[in-house]
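Student: For reference, the chains in residue letters:
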Amino acid sequence: MSSSAATAEAAGLCTLCPGACAMQLARHGDFMLRGEVPLTNRGGLCPRGSALGEVLDPPSAARRILVPQARDDGRSVLLSFPDAVERVIQATAGGEITVFLDGNLPAEQLQAAAAWTAAWRNADLCLMIEPAERDLLIGLESSGAPYLEPSAWAGCDGFLLIGGVFEANPTCSRRIFERRKSDRKVPLVVIDPGGGAACKFASHRAACPPGRELAVLSAVAIEPASPDAPAGRACGPAVRRSEDSEVLAEATLTAKAAGAALKSCSRLAVVVTAEYGRSADWAAIGCLAGRLAKARGGSVAPQTSGANALAAVRIEHRLGTLPLAKALLRNGDVRVVLGGDLAALLGWTQEQGTRGLAAAAAALPNRTTQAARIVLPMPLPAELSGTYLLEGSRAVTVGALVPPPAAVPTPEELLGAFARRGGTAAPRPPADVSGLLDRCDCPLPAAWPIPPGDAEPPGDEDLTLLLARQGFNAGTGEITAHASYQTIARAEPDVRLAPADAHRLGLRNLQPVLVRSRHGQFRGRAKLCPTLAAGAVVLDEALCEARRLLPCRLAPGGEGLVALPVPVTVEVLP
Amino acid sequence: MSPTSVPRAPSAGAGAPPPAIEKRIVLDLDRCIECNSCAAACFLNPAGAGPAVAPARAGAALLPMLCRQCASPACVDACPVEAMVRDDRGVVRRRAFRCIGCGSCSRACPFGVLGEELGGLRTFLRSKDAFSGRLMAKCDLCQDRLAADPRAEPRCVAACPSGALRFVETAPPAAQDLDLLGGRTVGQDLFARRTR
Ligand code: SF4
Ligand code: SF4
Ligand code: SF4
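For the record, the sequence lines run as chains A and B.
Read in the numbering used here, the first sequence has 63 at position 63, and its numbers run on one by one without any break.
Read in the numbering used here, the second sequence has 40 at position 40, and its numbers run on one by one without any break.
Calculated from the structure, these hints are not laboratory results.
Each hint should be verified, as a subset may be incorrect.
As the list claims (entries may be wrong) - Away from chain B, derived, C-beta distances all over 12 Å, residues of chain A:
id : residue
1  : A26
2  : D83
3  : N169
4  : R175
5  : A198
6  : Q350
7  : P365
8  : R373
9  : R394
10 : V396
11 : P427
12 : P429
13 : D438
14 : I488
15 : L507
16 : L564
Claimed, not checked - Quick list of in silico lysine to aspartate or glutamate cross-link-like pairs, DMTMM-like style, CA-CA up to 20 Å:
id : chain 1 : residue 1 : chain 2 : residue 2
17 : A       : K181      : B       : D28
18 : A       : K294      : A       : E492
19 : A       : K527      : B       : D88
20 : B       : K23       : B       : D88
Unchecked claim - Partner residues aside, some chain B positions facing chain A, computed with beta carbon under 7 Å:
id : residue
21 : E22
22 : L29
23 : A40
24 : L63
25 : R151
26 : C160
From the three backbone atoms N, C-alpha and C, an ideal C-beta is built for every residue, glycine too.
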């Protein structure tokens with residue numbers, strides 16, 4: 001019923017991906033607060049952005065963590081804030097402490113947290129972002145390629161899309177469509193073994209077996225007749241596996257055609273998203289993609305699962321905070337997780353992912369807070385203001401849509417309270433954050449060995465599991481998992497299968513299925529996906545249960561974290 | 001009449017038919033990326049008549065099903081309690097306090113936009129009970145937004161990130177550079193990119 005016109009309460013930007021869509025908070029009637037798309041279209045608002053508005057609503061707020069709690073003998077006990085801080089410090093017992101902070105917070109929060117942990121003798125800081133995204137961004141930074149400014153999309157004369165780009169940031173589709181509307185000949189090349197939405201619109205699709213994005217990108221980049229062919233070769237480690245003749249043989253025809261289509265581009269846009277569980281090569285892919293864009297006079301547009309991953313990478317580089325893999329190697333430390341869901345991010349079981357965990361802070365319950373001995377409240381992203389590196393790596397100040405609830409400390413305040421109680425004097429106020437956000441001058445990291453592990457040969461009936469972006473959940477779903485569209489309308493997750501495989505398995509669209517790897521199982525409903533090559537099965541990478549089927553492994557020496565495609569079986573359920 | 005007031009009697013047998021609707025939603029088949037932003041925005045609309053936009057599989061694609069706001073709506077004719085009406089702006093709407101959830105409109109709609117699997121509150125309430133005791137979800141073009149600002153767009157259109165959904169004048173399509181096929185608009189190369 002249209003019985004109550006909405007009253008606009010606040011306007012701001014969604015910060016769940018670099019798209020930065022405009023959103024409004026609207027009050028309907030006396031009590032109902034909703035995230036609303038502005039009255040006229042200024043870009044869109046995807047299901048994740050809608051969820052962000054909704055979790056500020058009173059029904060969701062009922063689930064919010066508003067006061068500190070401790071788990072004593074299985075019981076939950078409410079604590080005062082000073083008592084909670086005291087307990088966290090006691091848990092460290094004077095030893096070392098590693099603080100894992102959500103890397104997609106505003107840059108000022110990341111900078112202040114780094115200042116506190118630098119001053120606090122016992123503590124080290126890790127800015128947590130998706131491991132694959134971190135590698136990709138380091139690769140892009142090392143390539144020296146410029147980032148694509150919003151106004152520059154209209155001038156591009158070719159697009160290369162790597163991964164489920166339209167799922168990662170649906171708004172970039174509009175810019176590509178507008179460009180192709182003005183010139184139908186603009187090539188749109190897609191490399192995506194996950195068969196994402198962009199495949200349907202591709203002018204050239206480079207066939208890509210699971211996990212072989214680098215080999216296929218190399219084949220696209222090294223177009224023999226091209227005068228700037230060194231783009232691919234110059235990346236050194238980037239092509240370390242491109243000699244795989246079997247892969248190249250399979251992909252050669254389509255990759256060559258795609259390479260030829262991009263050959264004459266003088267303003268190529270490479271739009272790329274790093275997906276979990278695909279490859280160990282994201283740094284090399286980033287470097288090669290960047291060099292290819294640069295060689296074709298173009299730019300890169302990384303699509304990350306939070307808006308500030310690039311800022312986190314740059315701050316890590318400048319301030320020397322711990323990369324996630326190195327932080328996880330520090331076994332003896334007590335861990336404190338502020339925001340994010342560490343266990344879900346790694347696809348680890350709750351027990352593995354929360355080893356040594358003393359405390360976790362979050363706005364809404366997640367797997368990490370469920371396992372922590374001490375749970376503390378934290379604001380939602382829409383409740384913090386500060387600087388984000390949005391599209392084209394522009395530094396943008398984003399205001400809070402609403403202030404955090406009373407007595408909910410910011411991450412900076414939380415860390416400050418811990419550090420003070422640990423005997424640390426307040427550090428000098430950090431300088432203006434902008435100096436930290438300039439491009440990193442980092443070299444491409446050396447290729448590190450893929451960790452030994454589940455080299456299980458696939459059986460005859462096996463499919464290969466890939467995880468891919470889907471437009472419903474942000475990151476590992478710690479926020480969107482609480483929204484009604486995700487929990488009710490999308491209650492049954494999709495298991496994407498190629499029609500040929502579905503036919504072989506006797507499966508119909510939407511039939512319930514069970515996917516099993518040697519690490520676990522996942523229940524969902526089959527979704528036949530004609531853009532997916534036979535032999536692959538795709539799950540939503542934001543779902544912790546899906547990640548558990550192919551958990552992250554640590555490379556020796558903490559050089560990196562990697563999850564690779566694994567063989568799975570798919571069973572039809574009655 | 002304010003867009004939020006009770007609509008007048010149903011068009012069937014009510015004298016002169018209401019004027020043709022001025023604007024309606026069209027979907028560009030060549031642009032939909034199946035992101036479900038339209039469905040989520042409609043689902044979360046607290047002022048509307050339920051989650052009236054829901055995607056349905058159409059061959060290789062998953063496309064949102066949108067009410068065409070017909071000039072002679074079969075759903076209105078089929079409704080036994082006159083809950084479904086075409087108001088004086090030509091908008092086909094459901095009167096919530098009259099709807100008995102019988103599903104007659106859903107079965108009558110020739111375009112399947114009120115299908116029980118698609119938009120009905122059944123999904124919303126996670127009930128196996130398709131219709132009885134429920135309300136049918138029905139798109140009213142977000143009258144609450146249009147009342148607030150005449151330049152406003154329905155939620156699904158404003159939320160669509162690819163520009164596939166547009167809120168356009170009903171006539172004449174050619175003047176708006178639209179190739180209309182029923183309620184859908186298509187590019188020059190219909191399905192070319194989807195079938196390649
Ligand atoms: S997640 Fe990205 S595309 Fe979705 S609403 Fe937020 S900024 Fe827009
Ligand atoms: S519900 Fe169906 S019959 Fe009724 S107006 Fe819409 S498209 Fe026409
Ligand atoms: S929001 Fe637009 S692109 Fe997304 S499913 Fe709806 S019509 Fe398609």
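Student: Now tell me, hint by hint, if it's right for this structure.
Tutor: Results for each hint:
no.: 1; hint: A26; in the structure: violated (9 Å)
no.: 2; hint: D83; in the structure: holds (38 Å)
no.: 3; hint: N169; in the structure: violated (8 Å)
no.: 4; hint: R175; in the structure: violated (9 Å)
no.: 5; hint: A198; in the structure: violated (8 Å)
no.: 6; hint: Q350; in the structure: holds (27 Å)
no.: 7; hint: P365; in the structure: holds (21 Å)
no.: 8; hint: R373; in the structure: holds (35 Å)
no.: 9; hint: R394; in the structure: holds (19 Å)
no.: 10; hint: V396; in the structure: holds (19 Å)
no.: 11; hint: P427; in the structure: holds (41 Å)
no.: 12; hint: P429; in the structure: holds (39 Å)
no.: 13; hint: D438; in the structure: holds (30 Å)
no.: 14; hint: I488; in the structure: violated (6 Å)
no.: 15; hint: L507; in the structure: holds (14 Å)
no.: 16; hint: L564; in the structure: holds (28 Å)
no.: 17; hint: A:K181 <-> B:D28; in the structure: holds (12 Å)
no.: 18; hint: A:K294 <-> A:E492; in the structure: violated (42 Å)
no.: 19; hint: A:K527 <-> B:D88; in the structure: violated (42 Å)
no.: 20; hint: B:K23 <-> B:D88; in the structure: holds (14 Å)
no.: 21; hint: E22; in the structure: violated (16 Å)
no.: 22; hint: L29; in the structure: violated (11 Å)
no.: 23; hint: A40; in the structure: holds (4 Å)
no.: 24; hint: L63; in the structure: violated (11 Å)
no.: 25; hint: R151; in the structure: holds (6 Å)
no.: 26; hint: C160; in the structure: holds (6 Å)
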